[in-house]
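> Throw the hints in and build the complete structure from the sequences for me.
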Amino acid sequence: MNIRIAESPNHRVDPVQARRAPRRWYRDPLGCLHLTIATVLAERGVEPLDPLGAGWGFQYLPDHVRAEEFYYPSAECDLGPALAPHHPLGAVWSATPDGEDPLSTFIDTIAAGGLVIAAVDKHHLPFRPAYHDVHAAHLVVVYGVDRARGLVWVSDSQPPAFSGAVRVEDFLAAHASANPADEQDAFFSDSTIARRYLTVELAEPFPELDESGLAAALRANVAGFLATGDEKTWTGLSGVRRYVDSLVDASSAGEQTPLRQAYTFGWSMQATAYLHSELLRLRGVQWQRPSLREAARSVQAVATAWTPVRVTAAHGWPDPRAGADALSRHGTRLVSRYEEALDAVAALGES
Amino acid sequence: MQQMPNRSAAMTQRPVDLRPYLNNVGVTTIADTGSGHFNVWRNSFAAEDLPDAGDRTVVEAITFQLPDLGSPEPDNVRCDRQYIPVPSGYYDWLYVLGAAERRVEDLVGLHFADGTVDFEPLRLTDFWAAPPAFGETLAFQTLMHYPQHVQFGVPARMWCQRVPVVRRARLTGLRLPANTAAHVFAATLVGGLSAESDGVGAEEEI
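Protein chains in written order, with this note's numbering: chain G, 16 to 366; chain S, 527 to 732.
Any given hint might turn out to be false.
[Stated by the list, open to error] Facing chain S, a subset of chain G residues (Cβ under 7 angstroms, in silico): (1) Asp43; (2) Asp148; (3) Pro174; (4) Pro175; (5) Pro323; (6) Val326; (7) Ala329; (8) His330.
[Said to hold, decoys possible] Examples of chain S residues toward chain G, derived with CB under 8 angstroms: (9) Glu627; (10) Arg628; (11) Arg629; (12) Glu631; (13) Asp652; (14) Ala656; (15) Gln674; (16) Gly679; (17) Thr706.
Please keep in mind that the hints were generated in silico from the structure rather than gathered at the bench. In this text, a Cβ means the ideal position worked out from N, Cα and C, and glycines have one as well.
Spelled out as structure tokens, the structure:
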């Protein structure tokens, strides 16, 4: 992952707080990356499904997956073009250098009316079930800092949802954690947090998504699925097939890492399909377009077809060969669901 | 045209005996939360919030026979292509009490006496703090058990879902999907016609 190194702080003033706790935005198929960005978007008055659901594709970067709940397959420090390819949205990774105060940048952003999405290790956050039990990389929205009283305000929409203050030492421990390997979490541990944070950047005014805009997005999505990637970036339908084949081959060969990573990587693609299906469904209702709702259902089937791939890999990684047949079966079905959904979406452009 | 059996005004309900197929511990007591393994994180339902062992349970006016819950023994069927003989009869619905690890859509094979098989959808929502995604009703909600503690604010939910039996023919068996994310705690066949049961387990198949 590319990281933008934050510039040295100048003069800081705190305490600083947002005018209110962000309204938590939660959908159970999504991980913390989409949930936190959606929370920030909603606070800015943007319907999160518009930018996050308009794009739908597949992208896998070999040897790139990190053991983090917020992993997304993009080699850029700005995830915006990958997460919202049809909207002027930036989601830029930065990291506070060693020896500098990470809260200073947060204070500046919040004082300017913004919010910060901070990477954390759940092990250090008292409101998380993993507190003092399991190490796992996660994201929270930071909306206030009071260094004099030693408090940082964080919002986390993932159950058990939390909005409030935590002790600054807990937050900083979570934010600077090495997130060491934890046998209780083979999917989101063993990946240093390293005081990384995401900043969401929006063009003002943010464009509304109308029917012609969605139609253009759908055409671009279909074109993306039909394009071929390269050795470093497996994209589109051919990328789905290639990824499934590689996962089954790895399982048959007894390789554990690709199976562990399937749970992590698969969530990013499952979330992408879910968001797209939800956008199509809701716009299909709003615009009274039954075909849009039917396409939404086909895309939803892609999202749920990821479940047995991810769960089989998650349970089966200690003994990869034992799960090869099941992964082959589920992978074949996943490919079929992509093909069916792509047909349904492509047909929208023809009607 | 097939001769239909005599109709009965009463709705027939026949629990499916899942005991030989239980293979997963999805419910634990507060004294032994570490024995649960519903999902990969080893979360489990709280037995204290569920019916007592041996109770028949009515959900949506359907009577289910739940297994013993809260013992260290398996209490649900994690779907792995099990073939389950059922009380032979004519049915309209297969009702299940179940839940999933993430959202699941898969197919149940409905086997009929004449050898025909229909595959019908089994759709189950995530048990982990999720709203129903497939029109299920909430059967039970419990505290979430973690291996080392009991968690407030993360409800564990068990759903009442149904699978249609469209074919007007004598059902004899079920083939569960090969989907490790899908769990079934109880199942009951429901018909508006007389089930004319031949007894449980007319056939066995591995």
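> Flag every earlier hint the structure violates by its number, smallest first.
Every hint satisfied by this model.
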